[in-house]
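**Student:** Protein sequences, first through last, are from chains V, W, Z, Y, D, U and R. Here this note's numbering is used: the first residue of the first sequence is 1, the next is one more, and so on. Here this note's numbering is used: the first residue of the second sequence is 1, the next is one more, and so on. Here this note's numbering is used: the first residue of the third sequence is 1, the next is one more, and so on. Here this note's numbering is used: the first residue of the fourth sequence is 1, the next is one more, and so on. Here this note's numbering is used: the first residue of the fifth sequence is 1, the next is one more, and so on. Here this note's numbering is used: the first residue of the sixth sequence is 1, the next is one more, and so on. Here this note's numbering is used: the first residue of the seventh sequence is 1, the next is one more, and so on.
The hints are simulated quantities; they were obtained by calculation from the structure and are not laboratory data. There may be inaccurate statements among the hints.
[Claimed, not checked] Calculated lysine to aspartate or glutamate pairs in the EDC-like style (CA-CA distance at most 16 angstroms, straight line):
hint: 1; chain 1: D; residue 1: Lys137; chain 2: D; residue 2: Glu123
hint: 2; chain 1: V; residue 1: Lys253; chain 2: V; residue 2: Asp182
hint: 3; chain 1: V; residue 1: Lys235; chain 2: W; residue 2: Glu200
hint: 4; chain 1: R; residue 1: Lys250; chain 2: D; residue 2: Asp188
hint: 5; chain 1: D; residue 1: Lys250; chain 2: Z; residue 2: Asp188
hint: 6; chain 1: W; residue 1: Lys237; chain 2: Z; residue 2: Asp155
hint: 7; chain 1: D; residue 1: Lys193; chain 2: R; residue 2: Glu254
hint: 8; chain 1: W; residue 1: Lys250; chain 2: V; residue 2: Asp188
hint: 9; chain 1: U; residue 1: Lys253; chain 2: U; residue 2: Glu165
hint: 10; chain 1: V; residue 1: Lys237; chain 2: W; residue 2: Glu200
The model shown is predicted, which means the values in this text are computed figures rather than measured ones.
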Amino acid sequence: MVDWLEKIDWAELLMEIGIIALKLIAIVIVYFIVKSIGNSAIERVFNRKKKEMSTGRAMTLESISRNIFAYFLLFIFVGFVFSIFNFDITTLLAGAGIVGLAIGFGAQGLVSDVVTGFFILLEQQIDVGDYVTVAGKDGVVEEVGLRTTKLRGFDGTLHFVPNREITNVSNHSRGNMQALVDISIPYDTNIDKATQILEEVCERAARDEAIVEGPNVIGVQAFGSSDIVLRVIGKTKNGEQWGVERNLRKAIKEALDLNGIESPYPRQVNINKHA
Amino acid sequence: MVDWLEKIDWAELLMEIGIIALKLIAIVIVYFIVKSIGNSAIERVFNRKKKEMSTGRAMTLESISRNIFAYFLLFIFVGFVFSIFNFDITTLLAGAGIVGLAIGFGAQGLVSDVVTGFFILLEQQIDVGDYVTVAGKDGVVEEVGLRTTKLRGFDGTLHFVPNREITNVSNHSRGNMQALVDISIPYDTNIDKATQILEEVCERAARDEAIVEGPNVIGVQAFGSSDIVLRVIGKTKNGEQWGVERNLRKAIKEALDLNGIESPYPRQVNINKHA
Amino acid sequence: MVDWLEKIDWAELLMEIGIIALKLIAIVIVYFIVKSIGNSAIERVFNRKKKEMSTGRAMTLESISRNIFAYFLLFIFVGFVFSIFNFDITTLLAGAGIVGLAIGFGAQGLVSDVVTGFFILLEQQIDVGDYVTVAGKDGVVEEVGLRTTKLRGFDGTLHFVPNREITNVSNHSRGNMQALVDISIPYDTNIDKATQILEEVCERAARDEAIVEGPNVIGVQAFGSSDIVLRVIGKTKNGEQWGVERNLRKAIKEALDLNGIESPYPRQVNINKHA
Amino acid sequence: MVDWLEKIDWAELLMEIGIIALKLIAIVIVYFIVKSIGNSAIERVFNRKKKEMSTGRAMTLESISRNIFAYFLLFIFVGFVFSIFNFDITTLLAGAGIVGLAIGFGAQGLVSDVVTGFFILLEQQIDVGDYVTVAGKDGVVEEVGLRTTKLRGFDGTLHFVPNREITNVSNHSRGNMQALVDISIPYDTNIDKATQILEEVCERAARDEAIVEGPNVIGVQAFGSSDIVLRVIGKTKNGEQWGVERNLRKAIKEALDLNGIESPYPRQVNINKHA
Amino acid sequence: MVDWLEKIDWAELLMEIGIIALKLIAIVIVYFIVKSIGNSAIERVFNRKKKEMSTGRAMTLESISRNIFAYFLLFIFVGFVFSIFNFDITTLLAGAGIVGLAIGFGAQGLVSDVVTGFFILLEQQIDVGDYVTVAGKDGVVEEVGLRTTKLRGFDGTLHFVPNREITNVSNHSRGNMQALVDISIPYDTNIDKATQILEEVCERAARDEAIVEGPNVIGVQAFGSSDIVLRVIGKTKNGEQWGVERNLRKAIKEALDLNGIESPYPRQVNINKHA
Amino acid sequence: MVDWLEKIDWAELLMEIGIIALKLIAIVIVYFIVKSIGNSAIERVFNRKKKEMSTGRAMTLESISRNIFAYFLLFIFVGFVFSIFNFDITTLLAGAGIVGLAIGFGAQGLVSDVVTGFFILLEQQIDVGDYVTVAGKDGVVEEVGLRTTKLRGFDGTLHFVPNREITNVSNHSRGNMQALVDISIPYDTNIDKATQILEEVCERAARDEAIVEGPNVIGVQAFGSSDIVLRVIGKTKNGEQWGVERNLRKAIKEALDLNGIESPYPRQVNINKHA
Amino acid sequence: MVDWLEKIDWAELLMEIGIIALKLIAIVIVYFIVKSIGNSAIERVFNRKKKEMSTGRAMTLESISRNIFAYFLLFIFVGFVFSIFNFDITTLLAGAGIVGLAIGFGAQGLVSDVVTGFFILLEQQIDVGDYVTVAGKDGVVEEVGLRTTKLRGFDGTLHFVPNREITNVSNHSRGNMQALVDISIPYDTNIDKATQILEEVCERAARDEAIVEGPNVIGVQAFGSSDIVLRVIGKTKNGEQWGVERNLRKAIKEALDLNGIESPYPRQVNINKHA
């Protein structure tokens, strides 16, 4: 292979490069035509479906369909390109086996993404519009794909999470949620009286439509260094838990004020000496 | 393989695509028919069984049966689809060996899920309705599957935990639970007197049906910077431990108040100088 | 393999499925008969042995025997089932090599469990009834198996720990334990006098049967910001260390009170200015 | 192979080394010529495009084009060099298989970089000029490459992040952002009055062009040990959130001062004793 | 292999099982005889040696000898058992290759234990009776084995550490140890005077036989918020460092008291306002 | 191979060992001659270049050239030595395959070092003299090599970082840096007045040559428990940021003192009770 | 292989075992003779060298030479032993392939140790007597070996660090070190005056021979809640940094006392209310 360079027939080489270029252009053009046709077909199908199904579910299915279509096309496209270049590249690169091994390992992450993505979709773990926690990120799902899931954080940030990073999925949009408020009262308060006041507040709060069950005072949760902690819990409609908690806090504070139960500021017993 | 593109017989290709499409449709139809028949059969069997067995165990078995049936069907389905496409895809993709390697590694996680899931079921580590801690998530089990376990957190969140993430299983619904209350008293209290008061409270509390054993005052657990900590422990029926603890806390606080043992606010000795 | 579907002889296929089903049923029946016979045999053997050996050791051996028997049976059972299905499944699944690779990796965890379990048993690292810390979980051992170890936490939770998760085993039930009490005294106390008082308490405490050695005052362990810390240590019978510590704490507190050495509340020197 | 050293024909060896050197020089010269031509071509193309497209997108595309071109050239270059040296090096190094294995594993990281980089670009996760958080680093993107992404931190540091380190991408430049201000008020303040004051401030602030939605007072967020925490949130244009928050803070502080609601300094109840 | 079940000659099978059982029993008996002979031989050898060598070293060597003997025997034993069962098991288990792979990976940990254990022994990193820190566990070595090392923690717990978990070994029983005492003095103390007092204490302490070098006052180590920290260090015999530190602390405290240098309680400048 | 030891021809063996020794000595001598010639050549080339280029860049290139030369030589040297010993060692070591596998894995880290090092150099991520943060270490680069990078920490420590440990490179010497000063003022200060004072200081500071842009008061950054925090930021020349910050701090403190805005000591509201 | 046990010729087996034992004894004797000769040779060589070179470097080279010699001998020794046992062991162990795989993986760590150790020595990263930080352990190097590095911690502990655990090496004995002292002064101090006092102290301190550069007051480093922090830095000879810092601290404290600048005790503004 030492005199490899001299043996090349330069005319034939140029010829071959020209043919490859032509094929490449043809494939690219076909690729873009098929892609745009497919995408508009998917869109038309789901526009009709959106009238029949819930929008969130329809959007999930549409984004998945696009995804599968896009990756399927890309695979075929890459396959064609490889089959064209195949001959030439392998000749140039002596260590093809090594390259193959490296690519196999490198692509492993991609397969891992797709397998995980497939099961997230199959088991309907997340829908577009759900509020979820995955891979340490909180947010509302904007798109579920075979490779990547997009979350919109509450602060406006857009998170791109590769599916392989998703292990546990915590979906906060599947059923009623709990509202929980901890209230501190001073140690010298009568626990029964305080409980009764809170229960009256809970009774009034229970009329709120966002509340499904309770709220109830469940008792003495803990003793702090200067306060007794009472806990109130209830069930609310999905997404309403924060509002309900905020309203409960305000109502309880005002009821305690009205009944002369003051806030338990930190207390300290001072034993004074003079130096 | 340079003139690969020219050698294709386009008519035959179209023909073959048509046949594949027909087979595919046939397989999909058969798949859905078999699936719906199987599922309704499973449901009927377990509706009968629920009268004989405890509901939780029956639900676990039903969810597993569905699972095994679904994955078994899916495997056969994918096998058929692969056997149809086999010929065509491998021709397109030159680097099939690499793809195979990548898929093998990617699917490894799935096998890991199923193996772990199998042993969780075989050893009956969790049942539907149990309160468990797995993979850092607390919750009540909603479904145990071969691939995924679903937990409902106390705040209403639905957690999807892939079985491979489950290493240690901590099941909080298998037997009596411990109720534990730590009580702080000031340093200048007589320990014997305080212990006696607590023991009287424990005696009254022991009449509660939720309590199985105790509660008892076990002694001086620790010295804080301004308080002596006494510990009370008891055994309760499963799921009753929190209620028992809350009731004990209230009763102890009221008994200590009645006997003039006040709460041990943080103390500080101030040595005053004037600048 | 394109015309694979047409070549199938459907009659023969049905025939074969029937035979397989019959064999399967036969194997399952045999499996359950052998299992119940084996288990009752094991139980009878160990009921006799329990009179001769310590109960804890006998229970460990019994649970292991059951385990080995169960897994041995399962392996043979799976082997039979595989040998029946062998022919049919491999034909369906084209990519058997890939599946094999994936299963090999997936099962690796199981082998790891069994190997670790084997050495835990061989080296007698844990017995049923021991209080141990493994894989970050505290508890009393309820069962040692080849694959899983069951711990009962002090709060009543049942932990299932796969043996592969067990690296270091900390066994708290193998020999005498240390009781350790740290006592804070104010900076202006005479250290010799305080030490003497503590030594007198230790002398009285040493009469307790649960104490094997000491307790002794070993000296000034540390200087806090407002206190001198003296340390008392002793050796107790296994499992008695917490009770001994609690009793020591109470006795020391009462002795210090009697001798007018008060608790070292945090001290602060205030230098007052007026704004 | 013992008498390997004697069998070498030194004249031929020198000859061969000379030829290799000539080829090497030729390849290096061609490499640099092709590279400079390619780069100037890319630059010219994108200078024209910048008039038509948004600058950020054009710069991203230009930096990618340069990247792909550079790595493509490098691969071919290394291929040529290897094909020249091939014969000689493998003869020298006995353990070529081992070396090959080691290189395969070593290069795996590089492939991982390129695969991840490819999908970051394909899915347009980041553009030049975006403010993003990747791999624990905050910063404005300066360059997106196939192997490395460059971020300029707010403190002026230039971070080089290999693409394989990028798992989750948090892009803070994709849509409106949230402005969030928490305000503490003393426990003895009337919550309704405080809320009203804040809402007046919000109304005036809403006239700011940078604000898209709100801001609104959403209620009592938490109870501190000496303060009630009210929360104000709003939507702002991208990049304006910090300025809006700072302005809101100043305006709210001044409005509260004007209405005599003072800052909630930490409170403590002192119970005085004299030693 | 479909009619595999019919072709079995049941008589011959039973025959063969009988022969295997006999062989097994023979091997087990030989195993236990050889083991007990070997162990008593090892014991006798080392009982003689203990008179010549230091006990700790002799015990280490004895425990290793037993270990190597036991594992060597076990390997041969397992080899025999396998050679007996070989024929039958491989026939039953179709997927022997997979099982082999899994076992190879599972046993990897065991080999890792033995290799690490071998080097710990060869390099004499730990002896029986040494106080060491390995794998995050503190304790006195009770046994060093090829697979596991046993540590007795100071609280009485027995830790079983698989050798593969041992990376860094910190041996606290190899040479003299440092005693270090930090002393806080108030800011208004004369540093020279305090240093002189400490040096006088050090001089007296240096007469202690447990001290090898020093102790010396090395100067002002740090400024606290209300105190100057002086540091005293010295070298002691191995194992005596804690006792020396405790004695130094007591002596220094008494010397400072005698010279009227009081303890630096936390100081605070109060600027008083009236609301 | 049992009578392997008898069949050796000892005379021939000694002969062969002699020849190997001679070859070895020859190779070592040639190695050192070539090395010293190469190194002095590199030095001479770069001494000339240093007049033309910036010193930092020239030093980087020189250290790399030496590196590549040294490793290239070492590889060839090891190759020769291996080719000599080849025959003898493989005969001695039966398990050559195992050794080969182990070496392949062991050397993997070395390849990883070189590949990472190559790209750090190619992409000019660090130059000699840059202040960088890599692998958790801060420092000024002393040498960039193919295998190891040397950093001089600010405390004088010399860090050797293997290149494989370098993932993210944070280079603090590439462009202007930010100076950032946070200033606390009491709650009862007029924010506008304080801002005006700070802006006057900033105006005077802006005359400093080290400052490139600003500094500016950007507003109210946060509310502390007893203070309002104002933030000042500016751009400085590289390396001047710390000096600028220190000067700004001093100037701001003096300006606030002059205008009677005092430091916001922590405040606490005391509510006094008497026991 | 079922009747394998019967076919053994017991006489020949015993014969063979005898031969093996003889060979083994011969090899062990030769091993110990060669080892002791080699070691004494190495010692003699380095005793001569120590007069010419610096002791630290000579000791490093000596410990390495011994190491390489010892491992080289061990490898050959193990090779011989294996070649003797080869035939017999492989016959006994059926699953030799599996064992080989396991050993290959297990030995991987050892190779990793040697490769890392080789480069630590080649690049002279640590010498005997250096104070270094490796693998999270601080200490003075006692021995650098091919497999293990021994550090003596300041508290007297001897750390054995396997070389594979060494990634970053932080060598604190390569060049001058920085002395850094932070001094807190009260907020009402004149910064210029305090700086001047510190500079006078620095001037006097600069006469110390241990100081190479500075020390200098570099300015206002930070604002604490009750203090201004000034920073003093200087360069010292290696190993003298702690002594210089301690002396600087004492001198600065005395100078500030002399000039009436008192220590900045924490300050608090108390606003008093009466309950």
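**Student:** Determine for every hint whether it applies to the structure shown.
**Tutor:** Structure-based check of each hint:
no.	hint	in the structure
1	Lys137/D <-> Glu123/D	violated, 21 angstroms
2	Lys253/V <-> Asp182/V	holds, 11 angstroms
3	Lys235/V <-> Glu200/W	violated, 37 angstroms
4	Lys250/R <-> Asp188/D	holds, 13 angstroms
5	Lys250/D <-> Asp188/Z	holds, 13 angstroms
6	Lys237/W <-> Asp155/Z	holds, 12 angstroms
7	Lys193/D <-> Glu254/R	holds, 13 angstroms
8	Lys250/W <-> Asp188/V	holds, 13 angstroms
9	Lys253/U <-> Glu165/U	violated, 43 angstroms
10	Lys237/V <-> Glu200/W	violated, 44 angstroms
Violation of the numbered hints given earlier is confined to hints 1, 3, 9 and 10; the remaining hints are satisfied by the structure.
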